[in-house]
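**Q** These are the residues of each chain, in order.
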Amino acid sequence: MKNRMISMLVMLALVLSLIGCSGTSGGNESPPDKDGNVKLLLWWWGEGDTPGSKAWLEETIEKYREVAPDVTIEMVEQTSDQLYPAWESAIQAESGPDIQFLWTGIWALDYVWKNNLADITELIPEEEVSHWTGTEGLEYDGKAWLSPWYQISIVWMYNKELFAAAGLNPDNPPDTWEELLEACEALKKTDVIPLELGGMKDGWGAPWIYAAFAPAAHDSMKEFVEAATIPGDFISEKHMDWFEKIHELVEKKYTNPMTMSYDFYQGRESFLRGESAMGLATNGQAIQWIEEMGGEEKVGIMNVPVMGDGKLAGKLNNQSHSFAIPSFAKHKQEAADFLVFTHQPEQLESWYKHTKNIPCDDRFDEEWLETESEKQIYQELLTNSVPYPEIFIPAMVDQEGMYAATQMIFSGNTPKEAAQHMEDTAEKWRSMDSAGVENFTNWGKSY
Amino acid sequence: MLYLRKRERKAPMLFILPSLFIVAGIFLYPVIKVLSDSFFLINGADRKFIGLQNYRQIFTDKLFWTAVTNNLKLFLCVPVLVVLSLLFAVALFQRIPGWKVYRILLLIPYILSVSVVGIVFDYLLREDGLFNQILQKAGLGGLSQPWLGQTDTALYAIMVVVVWKELGFGIVLLLARLLSIDESVLEAARLDGAGILKITRYILLPELKSVLSFYIILSMINMLSWMFNYVFVMTRGGPQNSTYIMEYYIYQMGIRYRQYGLSSALAIFLLLFAMVLVFLQQQVRKCLEEEY
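In the order they appear, the protein sequences are chains A and B.
For the first sequence, our numbering begins at 1 and goes up steadily by one.
For the second sequence, our numbering begins at 448 and goes up steadily by one.
Keep in mind the hints are simulated off the structure, nothing from the lab.
Keep in mind that this is a model prediction, so the values were computed, not measured.
One should not assume that every hint holds.
[Said to hold, decoys possible] Counterexamples of contact, computed for chain B against chain A with all Cβ distances above 10 Å:
(1) Tyr502
(2) Ile581
(3) Ala585
(4) Gly588
(5) Phe616
(6) Arg637
(7) Ile643
(8) Ile646
(9) Leu652
(10) Ser657
(11) Val658
(12) Leu709
(13) Val725
(14) Gln728
[To be verified] The list that follows gives simulated cross-link-like pairs (lysine to aspartate or glutamate, EDC-like), each with its CA atoms no further than 16 Å apart:
(15) Lys114/A with Glu88/A
(16) Lys428/A with Asp508/B
(17) Lys375/A with Glu296/A
(18) Lys238/A with Asp219/A
(19) Lys143/A with Glu127/A
(20) Lys509/B with Glu427/A
(21) Lys298/A with Glu372/A
(22) Lys252/A with Glu296/A
(23) Lys188/A with Glu248/A
(24) Lys509/B with Asp424/A
(25) Lys114/A with Asp141/A
(26) Lys114/A with Asp493/B
All residues carry an ideal CB built from backbone N, CA and C; glycine is no exception.
Build the full structure now, drawing on both the sequences and the hints.
**A** Right under this line is the structure:
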């Protein structure tokens, strides 16, 4: 008995000592090695959404070696599934990248609120920061907390040949909700999918649809930021409007009947295969698809149809994928210097050539744009865009709420049921994440 | 003398101390850390002790009960796995023509990775997939469905895939035990005129009892703690959150929503559930041992 007691006490002492040892010593600036060399670790994501970004990063890192020979940068690509889990683990361990790629809005600011990011404005000169564009989703407390990389939008595409075959004017795609419905009706008669919204089995398409349809009923982005914090807001007329629109499209069989069988990316490609007449793509991908599908004579970019009477109706969504410097990073200043380098005109031009995505910098030169479609997207981004609305939705409300609610619409549920589901999830979030509610409330006030 | 014996007894303790330390580090520390986290509201670096609040939260959460119910539904795979494994193992044990080929074929799904299986079945089970095409060719087109894309069939479709994939392990396990049975006992039974059914009922099944109890409990634990990959690859908890299971919910809560306290509470609940099963297995084993 006594021996067993001793063994248990030994065990307990071991466990307690382990717990005691668990505090990490991260967060300190580690000096360069004895030769003065600094090694930066860069975790990034994006090749899937923005083909060419890997090649650009490799090239840029190589060029930076000429400017800063004592700095080496190791880049580690993350998949969509790895990106945040790996980053979360790094935060817990207080060890990991010196430069971290993050999506924008709540996907970035949540880490600002939890003090996981260094204040980038203290590391990068004000004059340099003044050139940044597309920072709306990165700002809190009056300043940007991440260095924006490039702007990404979900644009509408249309197949001119299929339009012509359906008796529609291929040079005049739908501009309004009514025109969209008329076009869909005409296209349906020719046995093509009028509008491909992407597969919905995995739910990933929900935010795209939200971005394409939801702003139309709203007057400001503040209404999106506040939605999760105001009880009942998701079942209000304005927030239910997009569900009603999708419901109408589904009911009238204007969308892909296989939507619930396909994952998002599988579904989306029906447009690339010429099986659907209209579809959604990221701006860079759209330019590449146009090329793949035979050029601008065959495929075009549509302006977002005006689908409501809100002030945001007809506006193109836009978000900036960005780089952050973690608060635990060992070489913050060196990391910031590299980010400054990525924004120099030579790098901006090279970025655009590699990816056809607009970088977040006002030193981007319009002369670099080649095709009419590229110019059209750029003009829309410059003069007629709003932030991508998903970035204002708490992750739980987004993935448990909006994903499921959108699937409900494609499965025959009513808009009211879908909106109620989203509201119920928001209610759950409010009861589970008091700190998140407080942060969102403050964020809403800043709008 | 007595003093020396005590010292002798303590000496081995010192030798096993390093390994004890490693075992504690690897197994106990994470459990204790998760248990401790489950009593905290964790917000970045801030931690606030909130007692059982996380547990209260999860118990009032509808999705938590959906996940628990789905895990319980997954237990339906267990009798199916046991019966099929038994049938195939006995058939192979009887050395039916081509049994060696069948043995390999039946084991192949078990060797494949869940991701590969998930992707393949994702293609097979979609609305325009092979399975529905076969149904249509057979004149049963009315039955074709997006099996993984609708709430009332998605979980059951996953269960079919789980059975298909996991069956091989059960067959090999039971077959290994059958092959270790003394051949003379079987020979004697045959000489006495016992047919395959009688041999199975009176010799094979009793011999398989302990392996079967192990397999049942192991399969139940698998249904609780090893289903994440299937759900992640095939449905991601959807459609409409209908295929959420405990593991997936822990992942979502911890990694996607950054609710570490709640995620830890869920993990502790799952651990306790699994421990109850292990306890049950021990009780069943004891009963079986006493019987013999």
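**Q** Run every hint past the structure and note whether it holds.
**A** Tested hints:
1. At roughly 13 Å from the closest C-beta of chain A, the C-beta of Tyr502/B stays outside 10 Å, upholding its exclusion from the interface.
2. The Cβ of Ile581/B sits about 16 Å from the closest Cβ of chain A, beyond the 10 Å cut-off, so the non-interface label holds.
3. Chain A leaves Ala585/B outside its interface by the beta-carbon criterion, the shortest separation being 20 Å against a cut-off of 10 Å.
4. Every beta carbon of chain A lies more than 10 Å from that of Gly588/B, the smallest distance being close to 14 Å; the non-interface claim holds.
5. Against the 10 Å criterion, Phe616/B stays outside the reach of chain A, whose nearest CB is about 27 Å from its own CB.
6. Separation of Arg637/B from chain A is adequate, the least Cβ-Cβ distance of about 52 Å exceeding the 10 Å criterion.
7. Chain A leaves Ile643/B outside its interface by the beta-carbon criterion, the shortest separation being 44 Å against a cut-off of 10 Å.
8. For Ile646/B, the non-interface assignment is confirmed: its Cβ lies about 47 Å from the closest Cβ of chain A, beyond the 10 Å cut-off.
9. Leu652/B, annotated as away from the interface, keeps every beta carbon of chain A farther than 10 Å; the closest lies near 40 Å.
10. No beta-carbon of chain A comes within 10 Å of the beta-carbon of Ser657/B; the shortest separation is about 29 Å.
11. Annotated as non-interface, Val658/B keeps its C-beta farther than 10 Å from every C-beta of chain A; the closest such distance is 33 Å.
12. With a least CB separation of 6 Å from chain A, Leu709/B falls inside the 10 Å interface cut-off, contrary to its annotation.
13. For Val725/B, the non-interface assignment is confirmed: its Cβ lies about 20 Å from the closest Cβ of chain A, beyond the 10 Å cut-off.
14. The Cβ of Gln728/B sits about 24 Å from the closest Cβ of chain A, beyond the 10 Å cut-off, so the non-interface label holds.
15. Only pairs whose Cα atoms come within 16 Å are accepted, and Lys114/A paired with Glu88/A is accepted, the gap being roughly 12 Å.
16. Only pairs whose Cα atoms come within 16 Å are accepted, and Lys428/A paired with Asp508/B is accepted, the gap being roughly 8 Å.
17. About 12 Å separates the Cα atoms of Lys375/A and Glu296/A, which keeps this hinted pair within 16 Å; it holds.
18. A threshold of 16 Å between alpha carbons decides the hint, and for Lys238/A with Asp219/A the separation of about 10 Å falls inside it, so the pair holds.
19. Taking the CA atoms of Lys143/A and Glu127/A, the gap is near 14 Å; set against the 16 Å cutoff, the hint holds.
20. Of the pairs offered as hints, the one joining Lys509/B and Glu427/A holds, with about 12 Å between alpha carbons and a cut-off of 16 Å not exceeded.
21. A hinted pair counts as satisfied when its Cα atoms are at most 16 Å apart, and Lys298/A with Glu372/A qualifies at roughly 13 Å.
22. Between Lys252/A and Glu296/A the alpha-carbon distance is near 29 Å, which puts this suggested pair outside the 16 Å criterion.
23. Distance hint between Lys188/A and Glu248/A is fulfilled; the C-alpha atoms sit about 14 Å from each other, no more than 16 Å.
24. This hinted pair checks out: Lys509/B and Asp424/A have alpha carbons roughly 10 Å apart, not beyond 16 Å.
25. The suggested pairing of Lys114/A with Asp141/A holds, with an alpha-carbon distance near 14 Å, which does not exceed 16 Å.
26. Proposed proximity of Lys114/A and Asp493/B is supported: the alpha carbons are some 8 Å apart, at most 16 Å.
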